Structures are given as C-alpha cells and as structure tokens.
Amino acid sequence: MNSSEVLNWVMAGMVVWQEMAGAFWLLGVLSVLLFNGGVLVFSAMMERRLEQRLAHVTGPAAGILLLAGPLPPGVTGTPHLLTASVVLSPPLLGRLSQRLRRLIGGYSVNGVRLLEQARREALLRLREQAAEMGATVLAGVEMHHVEFGVSRAALLATGTAFVAGDTPLVSTSRRMTEAAGTLGLRPWRYLILALGLVLMLTLGATLAGDWMERRLMDGSLPWEMPAPLKAWRKGH
Amino acid sequence: MLTSTLDGVPGYRVVEHLGLVQGSTVRTKHLGRDIMASVKELVGGELRGYTELLNEAREEAVARMCAAAEELGADAILSIRFGAANIGGKAAEILVYGTAVRLSPGATPSP
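Going down the list, the sequences are from chains B and P.
The numbering of the first sequence is the working numbering, which starts it at 1 and goes up by one.
The numbering of the second sequence is the working numbering, which starts it at 1 and goes up by one.
The shape of chain B in the complex, shown without the other chains (with noise of 0.2 Å):
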C-alpha cells in the first residue's frame, strides 16, 4: 500500500465521519452512558452487599465478647493471637463524592462509612477465626489503619482468643456491639449526586454551545477554518 492509497482511505474515514457524525456521536454517548451506568449500579450493589453481610451476622460469631483491655478475672484458658486484615476501596461516586468533599472541606460521610465498612469487616474476620476455635472472648484487640493508596482503606485488627476457660465468659449484648452507632447506606444521595453531573454536564454543553453560536453568528468568531488546517488543505 503506497502512501495515496493510505491518504484515499484517510479521505474515505473523513468522509464517512462527515455523513454520519450524529451517529457516532449518537453511539459513543449511549455507550458511556451504559458502561458508566453498569459501573454505578454494580458498585451500589457490591458496598449493599457489604453492609447486608456486616448487618446480618448470626451464630458463634455474633456472640463472642471483644474486649479492647484485658481479661477479666477469673477467666482462665489457652491464649491464641489473631490477626485480620481488609482493604475495601469505595464505589465509583463514593469516591467521586470523597474528591468533592476534599473541595468545600468538612465531615465526608462517604469517606467515614468505607472506614467503618473495613473496621466491622475486619473485627468480624477475627470473630469467625475465634468462633471457629471455640473461642468465646476476644481480649486486647487493637486496629490499625494501613495507609494503602489514596482513598482505599486498609485496616489490620489483632485480639487474642481464649479457648476452653473454667469460666467462659460470653458477651451478654444481643447485637455486635461495633455496628452501633455507624452510619446506614444511603443510595438516594448517589443517584442525586448522578443526576446532578448529567444535569451540570448538559447545562454546561449546552450553554458552551449557546455561546459559541452567538459568537459566529455575531462575527466575532471566525467562519474560516484555523490557519494550520488550511493550509494543509492547500498542500493536498
């Protein structure tokens, strides 16, 4: 293939691009607004199933005692250390939402609830590791926050279980006592936060389209095509 035959099928392309531009348009717009559609139900679906598996937690697990200092006395047993980890990363307008909060400053609901998702995740890790012994006290847990990226969160919690005591001390609250107090989901404020890009997105092609338009109808734009363009049409 010589190079007037590359530049003919070139011409051809442009050509092409020319009849059917809407199209195109038309074709790359549905497909970013359905591949980002996919990304923003999917992601809600994964942090829902999330919370719904922190929410929802029943048997041996649920019932052990944390205990952030030592042991009490008069429980007695065989100490083993235990360790968890988790690294969550937040959904796409979590995320976009976190960056925005970082703009106007002050409390980021998103950023506190993905920590919140990664300390009950990793203290209920320890719970089915201590459950699954025959544990029934965890005491002297600790957490640690790993800096693992920018707005991941990573965190590495550590507790000694105790097995087989004379006494077994068994935690006498009915839930998991680090759910309370913690924030809920809140998918609403995700599909305002969507509807309120596309609303700013076309608003703001709109008005840059207005304006552009009164400007070549009033003549301060120019009509001509830019000077480099040109002048590479005269060279053909």
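For the record, the hints were derived by calculation from the structure and aren't laboratory data.
Values in this document were obtained by computation on a predicted structure and should not be read as measured data.
By construction, the Cβ of each residue, glycine as well, lies at the ideal position given by its N, Cα and C atoms.
Heads up, a few of these hints could be off.
[To be verified] Here are the simulated SDA-like pairs of lysine to any residue, each with C-alpha atoms no more than 25 Å apart in a straight line:
{"no.": "1", "chain 1": "P", "residue 1": "Lys40", "chain 2": "B", "residue 2": "Val198"}
{"no.": "2", "chain 1": "P", "residue 1": "Lys29", "chain 2": "P", "residue 2": "Glu41"}
{"no.": "3", "chain 1": "P", "residue 1": "Lys40", "chain 2": "B", "residue 2": "Val32"}
{"no.": "4", "chain 1": "P", "residue 1": "Lys90", "chain 2": "B", "residue 2": "Val198"}
{"no.": "5", "chain 1": "P", "residue 1": "Lys90", "chain 2": "B", "residue 2": "Arg119"}
{"no.": "6", "chain 1": "P", "residue 1": "Lys90", "chain 2": "P", "residue 2": "Val43"}
{"no.": "7", "chain 1": "P", "residue 1": "Lys90", "chain 2": "B", "residue 2": "Glu142"}
{"no.": "8", "chain 1": "P", "residue 1": "Lys40", "chain 2": "B", "residue 2": "Phe35"}
{"no.": "9", "chain 1": "P", "residue 1": "Lys40", "chain 2": "B", "residue 2": "Leu40"}
{"no.": "10", "chain 1": "P", "residue 1": "Lys40", "chain 2": "B", "residue 2": "Glu142"}
{"no.": "11", "chain 1": "P", "residue 1": "Lys40", "chain 2": "B", "residue 2": "Leu33"}
{"no.": "12", "chain 1": "P", "residue 1": "Lys29", "chain 2": "B", "residue 2": "Val198"}
{"no.": "13", "chain 1": "P", "residue 1": "Lys40", "chain 2": "B", "residue 2": "Val112"}
{"no.": "14", "chain 1": "P", "residue 1": "Lys90", "chain 2": "B", "residue 2": "Gly149"}
[As the list claims (entries may be wrong)] Output of the computed footprint for chain B on chain P, the stretches with three or more beta carbons under 8 Å from beta carbons of chain B:
{"no.": "15", "region": "11-24"}
{"no.": "16", "region": "79-93"}
Given the coordinates of chain B, work out where chain P should sit on it, guided by the hints.
Coordinates of chain P only, in the frame set by chain B:
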C-alpha cells in the same frame, strides 16, 4: 509457642523475661494482581489481592517472630503489637514485636 496481645497468661506466671523479639517483612503481589485491583477499584468493594497481601505478610512476620522466640528458648510471646506500613502504594510492610518469656504454672492475677 503461646502468643498473646495481653501482658500475661491465665494460670501461669512469668519466671523469666527474655526480651523483645520481632519479625518483619515487605511483600508485594505480582503485576497481574495489581492490574486486577485497579480494575476492581472502578466499582469499589474489597480488593482481595491486597487483603491477601496483608495476610501473607502478617503470617510471615509472625512466623519470623516465633522463630526468634524459639531460638531464645521462650515458652510464650506476650504483649504482641503490630505495625503496618505501605511502601509505594503496592507493597506492604508488616512489623510485629512482643516480649519473649518463660512461664511456669502458678496462680497470677488474670491479665
């Protein structure tokens, strides 16, 4: 080897403090897992590759600490603490340390 984050073991008393033992490691995942994590990051949720990375690093650090304690002839490691750091966004460093002790059965106040 008994391991505990507390300062003692119920039913035992510490007869000898052997001193601080520690273990640490820096680990990474291969490029494929990093790419998968960045894809997963698009939708959010757990980055399993990196969770695994932290788990493996922790196990390795604890194993090294236990080996050090065994070398000293300890019965238990008490007051274990963890430190974690991230190096360059993709590597995890885990440090674990505790006090190696010798124990003998005997009543002590519960830890």
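Hints, one by one, checked against the model:
no., hint, verdict
1, P:Lys40 with B:Val198, "holds (24 Å)"
2, P:Lys29 with P:Glu41, "holds (16 Å)"
3, P:Lys40 with B:Val32, "holds (18 Å)"
4, P:Lys90 with B:Val198, "violated (34 Å)"
5, P:Lys90 with B:Arg119, "holds (21 Å)"
6, P:Lys90 with P:Val43, "holds (19 Å)"
7, P:Lys90 with B:Glu142, "holds (24 Å)"
8, P:Lys40 with B:Phe35, "holds (14 Å)"
9, P:Lys40 with B:Leu40, "holds (13 Å)"
10, P:Lys40 with B:Glu142, "violated (28 Å)"
11, P:Lys40 with B:Leu33, "holds (19 Å)"
12, P:Lys29 with B:Val198, "violated (38 Å)"
13, P:Lys40 with B:Val112, "holds (20 Å)"
14, P:Lys90 with B:Gly149, "holds (8 Å)"
15, 11-24, "violated (count 1)"
16, 79-93, "holds (count 9)"
Going through the hint list in order, the structure does not satisfy hints 4, 10, 12, 15.
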